Each structure stands twice: as C-alpha cells, then as structure tokens.
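Q: Residues per chain are reported as follows:
Number of protein chains: 2
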Amino acid sequence: MKSSGYALRLLLVFSIFVAFSICLISSADAQDSVMKQARANFSPLPTAMESADNPITPQKIRLGKMLFYDTRISVDRTVSCFKCHWINLYGTDGLQKAIGNHYKENPRNAPTVFNAAGEISEHWIGNRKSVEDQAKQALLGAGSYGLTSYEEAEANLKAIPGYDSLFAKAFPNDKNPVNADNFAMAIGAWERTLVTPSRFDAYLKGDSTALTAAEKEGLSTFMDLGCIQCHNGTYVGGGMYQEFGLTEPYWNLTHSQKIDEGRFAVTKDEADKYVFKVPVLRNVEMTSPYFHDGSVAELNKAVRIMAKLQLGKTITDKQAELLVTFLESLTGKISADALSVPILPPEN
Amino acid sequence: MKSSGYALRLLLVFSIFVAFSICLISSADAQDSVMKQARANFSPLPTAMESADNPITPQKIRLGKMLFYDTRISVDRTVSCFKCHWINLYGTDGLQKAIGNHYKENPRNAPTVFNAAGEISEHWIGNRKSVEDQAKQALLGAGSYGLTSYEEAEANLKAIPGYDSLFAKAFPNDKNPVNADNFAMAIGAWERTLVTPSRFDAYLKGDSTALTAAEKEGLSTFMDLGCIQCHNGTYVGGGMYQEFGLTEPYWNLTHSQKIDEGRFAVTKDEADKYVFKVPVLRNVEMTSPYFHDGSVAELNKAVRIMAKLQLGKTITDKQAELLVTFLESLTGKISADALSVPILPPEN
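Chain order of the listed sequences is B and G.
All you need for this note's numbering is the position in the first sequence, starting with 1, plus 1395.
All you need for this note's numbering is the position in the second sequence, starting with 1, plus 1395.
For the record, the hints were derived by calculation from the structure and aren't laboratory data.
Hints may be right or wrong, so weigh each one.
No copy is singled out in the list; a pair is fine if it fits within one copy or between any two copies.
[Stated by the list, open to error] Straight-line alpha carbon distances no greater than 25 Å define the calculated BS3-like cross-link-like pairs of lysine-lysine that follow:
id : residue 1 : residue 2
1  : K1668     : K1703
2  : K1492     : K1708
3  : K1492     : K1668
4  : K1696     : K1553
5  : K1564     : K1728
6  : K1553     : K1564
7  : K1492     : K1703
8  : K1492     : K1553
Only a predicted model underlies this, so the values are computations on that prediction, with no experimental measurement involved.
All chains should be built: construct the whole structure from the sequences, respecting the hints.
A: This is the structure in structure tokens:
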C-alpha cells in the first residue's frame, strides 16, 4: 500500500508537471503564433522614409524644418505646416477640421505628418501624391496658405534674405534655388525623417517582451477581428483606399454633420463614393479627434464604430478595451531633433 | 653735423612713438569710457527673472511650458500662448497685430515673451501687471483665448486627464490645483526662464572684445544720441512709460492706419495720451514689425523714426547704420530647452 501510495503521488506530481509544461508551451506557442501573425502583416519602421525622387540631405532637412514653421510665406502670415501639424500634438491640431488662412475651415481633419511619407498618398482622398506634392499644393490651397500663384510663394520666400543661402546649400545645382518646388522638396525631405519607433517595432523585430500580455491580446484581437485587412504594413494603415461604411452608411454612427463623398471627388467614379485612404494608426492614441471629419473624439468609441461599419461586428467592452490597449502601444518616440523648433531667419 | 643729424632722427622716431602711444592710449580710453558709460546704463541679464510671488520650480516650468503650447484650452481650440509668441520667431508672431480666436485681431502688436518678465508690466499700455497676470487675463481676452469665465478654463483643463498629476506636482499644497490661477503661475514660472544672453552681456561683464568696433561705435551713438533715456537697464527698455511722439504726432511718421491713445485707455489721464511702455530692445533685429501697431517693418526705418519723434533729431545714414549694428548685437541665445516643444497629454 505504501509503495502504491507513493507511486500515486509521484504520478500526480508528474501529471501536474506535464500539464503545467503543456500550458507553458501552448502559451509560448500562442505567443509565437501572435508574433508570427504580426510579422506576416506588419513590419518595423525604417529609420527614414526615403525616396529616390527626393534624396534626404542634412541641408534639405535644415531648410525644410524652418519652412515647416514659417508663417510668413502664407497669404495672411498666419499659416505654416505647423499650424495644422503640431509636432507636440503628434503632428495634428486637435481640431475636427483644420483651419487655414483667414480662419477658413478645411474640408477634412488634418492627418498627422509623422510616418506619413510612407503612405501611398497624402490627405484623406488621395489627391496629394507625396509629402512633397502635399507641401507644394498647400501653398495654393484655399484653406491652407491661400496664395494665388507659385510666383507669389517665391516672392514671399525671397523677401526673407536669410533663405537665399539656405536654399543654395540645399539645392547646389539650381541656378534659381528659391522657388516653390524646392520649398516642397525641402519640407518633404524633413518630413521623410519623421518616424516614431515604438515598442511595437521592437516586438516586430523579435523582442517578445516589448509588449505586455494585455497589449499582445489586443494585437491578437486586432488581427483576428479583421482590422488588419486594411490597417497593416509598416504604418498600420496608409497602404490602400477603402469605403468607409461597408455595412451601413458611416454617418449613421459617426453622426457627421455633412456627408463627404470621399475619393469620388477625385475620380468621379461611383465605385469611389465614400472611399477614403485608410489612415495610419501609429500614435492614434495621441491624435484625437478621429475619422476624416474628426467626428468622434474618443478612441474607445472609434474602434467600436469601425468594427460595426467595416466588419459588421458589435464588439464587447472587453474587446474594445483590448483594441485600445494595443493601439496605445503604437505610440512612438518623437526624436529630440523633431521636437526642437528652428530659429527662423529675420526679415531685415 | 653728423651727431646733430643723428639726434634729429632719434627725436623724430621718438616723436612718432609718442604720438602713436597717445593714439593707442586715447583709443583705449575711449573704449573704456564707452564701456563705463554702458555699465552705468545697462546691466547683464540674470539667469532667470525671479519673483517672490511665484518661485520657479522644475515642476512649474514643465507644466507651464506644456500649457504655453496647448490650444485645447481656448474657446475654439486654436489659441495658445504660442499662437502669438512663436519661440522660433523670438517670441513674436511676425504680424502687425496679433490674431486670436475666431481670427479676431488684437488691438496691438504681440510683444516678445523673451526677457519680458523683467519689465515693469506686460503688453503695451501697462494693463498686465506681470507675466502671470498676462497669462491669466489672456484666458478671458476677447482677442486671445476668448473664454467667458475662469471656470470654463478650469473645465477645459480638466478635460485633458494628463494635466491632473502635472498640476498636483507643480502645486503640491493645493487641494484643487487645476485652476486658472495655477495655469497662470505655471506659465509665468516658465516665462521667467526665457532670457537670451548675448554678446552685449559679455561686454557689460567686462569683456571688451565681445563687441566689434562697429558695434561699440553703434553703442556709443545709441548712448550719445539719447536713446538710453528710455532704452536702458537690464532689458534695454521695459522699465518705464513714455509718450510716443514727443516732437510731433507719431502717426505723421509711422503712417498708422488708426490712432491709438495708448495708456490713456487705462488711466483716463490726459497726460497718458499716446503713452506706451518703452519696449525691450533685446532681440529687436528678430522681432519685426515694430511699434505698438507693427506699422514699420524695417529696423533701419524704425530707428530713424524714433530719433525724429522722441529726440527731434534727423540722423544720418551712417548713424542709422551704426544704431542697427549695435541693436543686432543684442540678439541673444535661446536655450535648447526653450527651443524644444513639449509633447502634450492626450485627451483620451
């Protein structure tokens, strides 16, 4: 009896050990499988968002950063890139819709400039090809700089003597470097450096401890629900266009004051009605309010609306919370250089 | 004859030596006398502009700097201190008159926030006692934040959860630290650190090589013409009120679109008609346009107008140039901390 009791106890201990090991292994397996799935759908940020069309140089960055802040180029001297893209609000302005020269309201919410250069296009409806194209078009934008011609922009730039040598250094092969194209190239070059690496990037690079258990569960939820159908790639979005409101009109849930037909305005193709560029979700915690019209201020509410409108799913409180937890892990680090404002050349 | 010729040559050499020495000594004397006169009229910047009413602490500075940038407290979410006081435009906005909420024009030009806390009062007509008073009054200013009550400001601050702990740390003895008074105290504490030491300070401390010969000649001109009657002290101004247009109405030369009665609006005393606070001239090169209404954009023109209106003197081109040369030596260094923008707490 004694020996049989001993054997029984041994068996029990062994069984517990085996069960525990299985749990550990399957948990590790689950973790591995989350990471594996994540690595199949996302990739870490590059150190800069390079472009063959506009090679990044220190001289362009220096000038571009100044121009980004310089209101004196705009029609009423109140608008610069910074007006709608506050670096310390993670590249946004906290408004539903951006406000430009003479207090003109823009048609849509100001998207962030961080990690933006890697997107397929800029703005919400794909009418800005690149960050350079965006910067150039902003000069003539009725709701942004409000200038009437690129010549006017050039004249305003030339009125600030200090820019002459800065443009010459940034564009050494140009005979007349102070012009709107180079304004755009310099700002673009600077914006191509605006990446915000986060713990999510460390995780994607293989550090499984970089995310907390709750964040991993959130990531898993994000992938399993189907959010990754659109929000994927390096930027967790920004790679495609998609109809907003696949299951029902978006304004049913966003209570938007005005119906925006989205990309239809660009292509005049019925299939593009209510189609918008899928926004980048990096730093989304920091860039309220949400959607193309800034109609929703709370991230928790925004994820519920997205699940319903795009996936036809009514998610639970727990799921919404997990999604938000994961999304918060996408908040990255703004470099000290990006957080430092450049002194602008005087006008005298 | 030989010996007499030798004696003559010796005498000649000696005379040249004496004459040269006298020149050197008198030049050194002149330099000493410029420095002596400068040190009698000006003094170097302190490391911070302390106030017994609002002791500077790292916690207040940290919070104050954030609040300085936060537009979300204002009525239309577009106004923060930074809107009119761009750190990278040396604390001004490059506009003739500042523009506040809903594009409302302010009555006067935005004065710089650099070296401002040391002035006798803030703004142009002495209706803001201190930087703290200015920050608090800005909340209700029709042309600034545009709020209707300090309670509204408090509610807007409380709507951003991240501020709770920051106010608690900055004001550890307050039971309800998130309020308009502490908003003002925190911003004031930060602004009290905004000093911009320049080569002029090094000169005042005794380094005679800190200014160039032309700058010293400009300084001498500045003192001899009589500019120092008003522009003196640590801040080269900011220490008194004075009528603008002592010899003839100011608008004769500034071509101001509107006549501003200045401090009369505060005191209703006839003697205060057209009286304004003497502005600080530190960094004046960087803070165009000039005067209470920003009516003059060029520094060279501004100094000629001042000489005529205040001293009744028509200065020469050479004198104007020398004055500008001296004034440019007042451009100081903005600290790396002041040039770094703080990330603002999210709203979610």
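Q: Take the hints in turn and mark each one as holding or not.
A: Comparing the hints with the structure gives:
no.	hint	result
1	K1668 with K1703	within (19 Å within a copy, 66 Å between copies)
2	K1492 with K1708	neither (28 Å within a copy, 53 Å between copies)
3	K1492 with K1668	within (20 Å within a copy, 44 Å between copies)
4	K1696 with K1553	between (48 Å within a copy, 20 Å between copies)
5	K1564 with K1728	between (30 Å within a copy, 24 Å between copies)
6	K1553 with K1564	within (15 Å within a copy, 47 Å between copies)
7	K1492 with K1703	within (24 Å within a copy, 49 Å between copies)
8	K1492 with K1553	between (31 Å within a copy, 23 Å between copies)
Violated hint: 2 only; the structure is consistent with all others.
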